[in-house]
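Produce the entire structure from the sequences given, and follow the hints as far as they go.
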Amino acid sequence: MCKNMQLSLLIQLVCVTALIQAAYIPDSDRNTHTLHNELNVDPDGSYSYAYETSNGITGKQSGLGGIAVQGGSSYISPEGTPISISYVADEKGYYPVGDHIPKVPDYILRALAYIRTHPYQVRDYYTGELKTVAHDAEAFKVYERDIQEPTTPRTRPSVTPKVVHLTHAPPTQR
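Numbered according to mature numbering (1 follows the signal peptide of the UniProt record, and there is no 0), the sequence shown spans residues -22 to -1, 1 to 152.
Note that these hints are calculated values from the structure, not bench results. Every residue gets a Cβ at the ideal spot worked out from N, C-alpha and C, and that includes glycine. Fair warning: there could be bad hints in the mix.
[Said to hold, decoys possible] Label pairs and their computed distance ranges (CB to CB):
hint: 1; residue 1: I86; residue 2: I61; range: 21 to 27 angstroms
hint: 2; residue 1: I(-12); residue 2: I35; range: 36 to 42 angstroms
hint: 3; residue 1: S26; residue 2: H78; range: 23 to 29 angstroms
[Unchecked claim] Each computed PhoX-like pair below joins lysine-lysine, with the alpha-carbon atoms no more than 25 angstroms apart:
hint: 4; residue 1: K70; residue 2: K38
hint: 5; residue 1: K70; residue 2: K81
hint: 6; residue 1: K81; residue 2: K38
Structure below.
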């Protein structure tokens, strides 16, 4: 009976500790408020927004919805390290840049350069002729992309209403 009571007391203590930790808000975030908040949306689908809070969190993004965006954000980590990221997302993919993001090792870049300059060759089964297989040049540009170059998103495809031709008159209600 004593073990059951000790187990019950231990469970209660763990639950109370978990509740206290869940309700804890760091002092830096307790009285945080928004210093700047801006949003612009245009009829063509392009937009931009920017925000800044009193605890040092900032963010901005602009682009053409569903086509291409570029932006960034920054904050101070719990260890006191400034974290900043900028990114581009378009038809070529999502490309983030930040000091905290691991870099592609040099040996990978050298291997990609070798692959790019030494195309794969296949021997034709019937003729015995060697044929070169072309690489997708865009695939190699992912690792060489300069994020400082602004993206120029293509315009949103126009949405024209479809014309429906009826083969017979619609029924009328009386």
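**Message:** I'd like to know which numbered hints this structure contradicts. Please list them from smallest to largest.
**Reply:** Per hint list: zero violations.
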